[in-house]
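Work out the full structure: start from the sequences and follow the hints.
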Amino acid sequence: MVSFHDVTIAFGNGVIALSNASFEVPQNDFVFLVGQSGAGKSTILNSIMGLHRPKTGTIEVGKSGTKVGRIKGKKLALLRQDIGFVFQDFKILPHKNIFENVLVALTVKNISPNLYKPEVMSVLKSVGLQDRLYEFPIQLSAGERQRVAIARALAGGRQIILADEPTGNLDPKTTWEIMKIFTSLAGQRTIIIATHNNDVVTSLKKRIITLEHGKIKSDST
Amino acid sequence: MHESLINIRRAPYQSLSMLLIQVFVSFLVLAVASGTIFILALLNSVESEPKIIVYFKPLTAEATIFKVREYLVSSAQIADITYVDKMAAYALYKEQANGSQPLIDDTSPDIFPPSLEIKAKNATYLENIATYLQKQPDVDEVQYQKNTVTKLLSITNAIRWSIIAFVGYLALMTIVTLTTMTNFKIALRKEEIEIYELLGATSGYITKPFYTESYILTTVSGLIGSGLFVGGLFYLQPSLTTYLQGITKLSYTIYGQTLIVWPYHYLTVGVICGATLLLMLMISGVSTKLATRKYLV
Chain W
23 MVSFHDVTIA FGNGVIALSN ASFEVPQNDF VFLVGQSGAG KSTILNSIMG
73 LHRPKTGTIE VGKSGTKVGR IKGKKLALLR QDIGFVFQDF KILPHKNIFE
123 NVLVALTVKN ISPNLYKPEV MSVLKSVGLQ DRLYEFPIQL SAGERQRVAI
173 ARALAGGRQI ILADEPTGNL DPKTTWEIMK IFTSLAGQRT IIIATHNNDV
223 VTSLKKRIIT LEHGKIKSDS T
Chain Z
8 MHESLINIRR APYQSLSMLL IQVFVSFLVL AVASGTIFIL ALLNSVESEP
58 KIIVYFKPLT AEATIFKVRE YLVSSAQIAD ITYVDKMAAY ALYKEQANGS
108 QPLIDDTSPD IFPPSLEIKA KNATYLENIA TYLQKQPDVD EVQYQKNTVT
158 KLLSITNAIR WSIIAFVGYL ALMTIVTLTT MTNFKIALRK EEIEIYELLG
208 ATSGYITKPF YTESYILTTV SGLIGSGLFV GGLFYLQPSL TTYLQGITKL
258 SYTIYGQTLI VWPYHYLTVG VICGATLLLM LMISGVSTKL ATRKYLV
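Going down the list, the protein sequences come from chains W and Z.
As numbered in this note's numbering, residues 23 to 243 make up the first sequence, in order.
As numbered in this note's numbering, residues 8 to 304 make up the second sequence, in order.
None of these hints come from the bench; they were simulated from the model.
Each hint should be verified, as a subset may be incorrect.
Which stretches of chain W does chain Z cover? Using the computed rule of at least three CB atoms under 8 Å from a CB of chain Z, they are [stated by the list, open to error]:
#1 48 to 60
#2 117 to 129
Which chain W residues face chain Z? A few, computed with CB under 10 Å, are given here [as the list claims (entries may be wrong)]:
#3 95
#4 96
#5 180
Note that the Cβ used here is the ideal one computed from N, Cα and C, for glycine as well.
If you want it as structure tokens, here you go:
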């Protein structure tokens, strides 16, 4: 569960990135955040991760309703261990192979090493990369790199998946392949995707939160 | 460990710089530390040479003198104490009179005062011993070279403080250099660290590889530095043996443990190398903590 109560986020230079935003995303819901560049989509995702602190209002994340704006250090790390993220630029480690890239998501959680291989294999199978464990990111296409990022976001039973323009660098065919993976997870994890891609948003018929100049313009299913 | 070795290979020039600096500093600290201990041992040996001679009144009973001697021995400050009675003093006088019969005829053992010749374990004890003796009613005169002792103590202290200041400067220089190098490494892995943070890595998880890398490099550097030092000692041994032929044995007591400084003893060399490695590991830990403090929440 993710909930925003009257949240305003301002940057150091005085720019209001998000203004009095309130919404709730129940557990295992699938939500699109749409809007122009600078509308506040990434700010919402980043503030769920604890990268921005609200100036006013509260952000609650997870089953226990952890107030993100008030935690730091180990508590923030523990919260992030339950969140998987997928970015437009993939953010995968170039010097590690596919297996190791996904493994990182498990080692930070102190999961028993006995579970490493089955868990990594399971999430890589869900994105169709189970046969390419020891290839390095440089050997993969953009779509395949994004699949590695999705596998890493799923590893270790992370319940909330945040994706910031996950198809922004991909061609239409690959975009649909990636979206197919996300839709296959619907109902199993809480998924929030920020995107510009209207075709994807209108075709998938999921809940849409529209943002404009840092304010929520509409929230519809 | 495996991850740290990979990270060392990923930044070879920074790692090599850290290694070379630490080898140089380890070697320098070892050379300075061993040189200092040698000088201090030499001074200690010279310091213990000055002695107190206490003359008792001629009619003092031997039992009284022995009581004073027993008290001094029980104080654990005495390296050596010799009783010179009237007869021994007279014999010494006759020897120094060089056979001059009139001088010998005019004297008798009764006029010579009995005395104690005292060597202290450490020159700093001499003043206390002298003060105690001066307070004894049967003591006629207490002789000791106060100025010489004071001068030796002041030289020893000056050497100790100079070396502490020098090693302190070296430590500070090394901390600053290693911190800068580690900061370079962190800058190279900035994106990787950001990814770890987003995945929920704790500060300990993020900083652990940097500590492991530092300790690996420091241990290797310390071992190389120690190897060079021990090799240098073996190489110089024939020349030093010739140069120091008058000195049969030197030792230095530190925290109640006596180290044999000359001729070389494997235990002393081991202690110096071990202490230097420990110092270098502490320096390495401090610099890594300074460089990674951003992640130490």
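Verification of the hints:
no., hint, in the structure
1, 48 to 60, "violated (count 0)"
2, 117 to 129, "holds (count 4)"
3, 95, "holds, 4 Å"
4, 96, "holds, 6 Å"
5, 180, "holds, 9 Å"
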